[in-house]
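Number of protein chains: 2
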Amino acid sequence: MSTDSEPLGEFDLVRTLFAPLAGEGAFSLEDDAATLVPTPGHDLVLTKDALVEGVHFFPDDPPESIAAKLLRVNLSDLAAKGAKPRGFLLALARGPRQSSAWLARFAACLGQNARAFALPLLGGDTVKADQAMFSLTALGEVPSGRMVHRQGGAPGDALYVSGTIGDAALGLALRLAPGSVWGGALSEADRAHLLDRYLHPQPRMALAPVLLAHASAAMDISDGLVGDGEKLASRLGRTVHAAKVPLSPAARAAMALHPPLLETALTGGDDYEILMAVPQENTSAFEADALRAGCPVVRIGQLDAPGAPHRWLDATGEPLSFVRKSYAHF
Amino acid sequence: MSTDSEPLGEFDLVRTLFAPLAGEGAFSLEDDAATLVPTPGHDLVLTKDALVEGVHFFPDDPPESIAAKLLRVNLSDLAAKGAKPRGFLLALARGPRQSSAWLARFAACLGQNARAFALPLLGGDTVKADQAMFSLTALGEVPSGRMVHRQGGAPGDALYVSGTIGDAALGLALRLAPGSVWGGALSEADRAHLLDRYLHPQPRMALAPVLLAHASAAMDISDGLVGDGEKLASRLGRTVHAAKVPLSPAARAAMALHPPLLETALTGGDDYEILMAVPQENTSAFEADALRAGCPVVRIGQLDAPGAPHRWLDATGEPLSFVRKSYAHF
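Here the protein sequences line up with chains A and B, keeping their order. Residues in the first sequence are numbered consecutively from 1, following this note's numbering. Residues in the second sequence are numbered consecutively from 1, following this note's numbering.
No lab work stands behind these hints, which were simulated from the structure alone. Computed from a predicted model, the values in this text were never measured in an experiment. A hint or two may mislead.
The list cannot tell twin chains apart, which means a pair is met if one copy fits it or any two copies do.
Below, computed lysine to aspartate or glutamate pairings styled on DMTMM-like, alpha-carbon distance capped at 20 Å [said to hold, decoys possible]:
(1) K244 with D196
(2) K325 with D12
(3) K128 with D289
(4) K128 with D60
(5) K231 with E281
(6) K84 with E318
(7) K128 with D304
(8) K325 with E10
(9) K84 with D61
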């Protein structure tokens, strides 16, 4: 390993740190391009999410967390489309903070995650910049014509979410205001849970086949359930019950200390859970299959007629409104 | 069009500027992912090149030139692999200089190039950064198992290059030292030619089927013919004749004024021409097919036995050496 005073050049960086991650068809990252042999009868599913230092992660976040998040936010998109991972390409812009040692830790954790999620590295590019940026293209596949769309769904379809909502947004709030009264009053375990959920999204890969079998529409929730939720089957109205949204014990504890955090949880970013619409006749099988896959889902509302309002209701059935529906990086 | 004082947000930016570029399977950029239906009997070919402001382009380069270069450097990799373009994904990091008007010009020219080269936009991500960066993943396809590799080739195969070499490196030299004696002595037309070749690479797409038919190895020359050339069939020796390397009249005029520019031309970057190895028995058909495709190729040397030296010879047969073999951004 080079020290910081002997930085690895692009060629050595690729050869020593990233070539070990290369999958079949990547030719040890020594060719101009990679090949991917599509499975007959399948469509490729393509997605791309970039992370920028100081925008999508803190400059002092551990390289392992950034690597994990980079891969997982893209995997989350594949899962929401019902796709099975096939591989990824990475553009890595190295800023002044990314020493060779930093990059070695980043690459090692990227490799661990790539293996864990069966998403081999196929190719990429390494460049120099004033600020670190990582742009990842993930490829997956679905049986021909079967990608689960955002704009599916029909009036009456039930709306579900995976996991718990808002943990990451509360974790980010803890990072941004470490001296907050509610943060200081939380248990250490609850604080750790929320901070970890911000740093380490859990893409719901096991839900992909369940979505293929049962869902009429789905999307990844990355910028807040309220705002993102309007983009699912957007031509249809919907009724969502805030009290049914699944919350972790840590999130409940935070909200008990500071009730406005409910809005933070529902409109904050970085959930990387899946919002799904499921026809009524499929709901029982869907819930059972999701549970069997280890990814329980919770019903939070339903789609209504075209042009009907997008309504959020509180526990008493009164309409809820939000100051800001989504988390905006841009 | 928004003015700079009313910058477009991410959603509007994508909807107004980039959605019009979206191809089939991109769902107007309104889904989490795109689909690509692979042609039966074909492999996907995947490549990724990123451009960073101040590293790969000048901050005051016109947005049209940056858009054209971004698409074309990736197309050049597809061409070198014998691949037919299918589509691309783009991560756009918007820096402080990228006003909405700038981005509108960028997107318009990206669209023109995408249509011209039949490479539709499939998806991407837009983020905010302190410095502009564009990361593009290009997808192409080749008949199954037929991608033209860097590490093909056999002793005795002829080495060819497309187009002319070094124009872009001389154009960059003109940009970096605008007051040079040789630059000042060049004709306006020669200066314009070299500057244009730096800004606007010409990917040799028409050579792709010719390579598939005849070449044993190929690669895109982006960081200098001498240095990149060592990476083709790297286990084999080679003999290359500097006097045979095709030069434009503008490059010859520059070298007549300042002979050391030959080394700049042979080791500078941004050619985006193709270096190819062709078995002796294919050379006549290869040259004829390349000419018919409108991309003349020039024979510059041959591959030698495994472990033999990588030799560059001058016009008298004397060995040539170079201070620096490649252009290094990193």
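Worksheet item: For this structure, which hints from the list above don't hold up?
Response: Of the numbered hints given earlier, those the structure breaks are 1, 3, 5, 6, 7, 9, listed in rising order.
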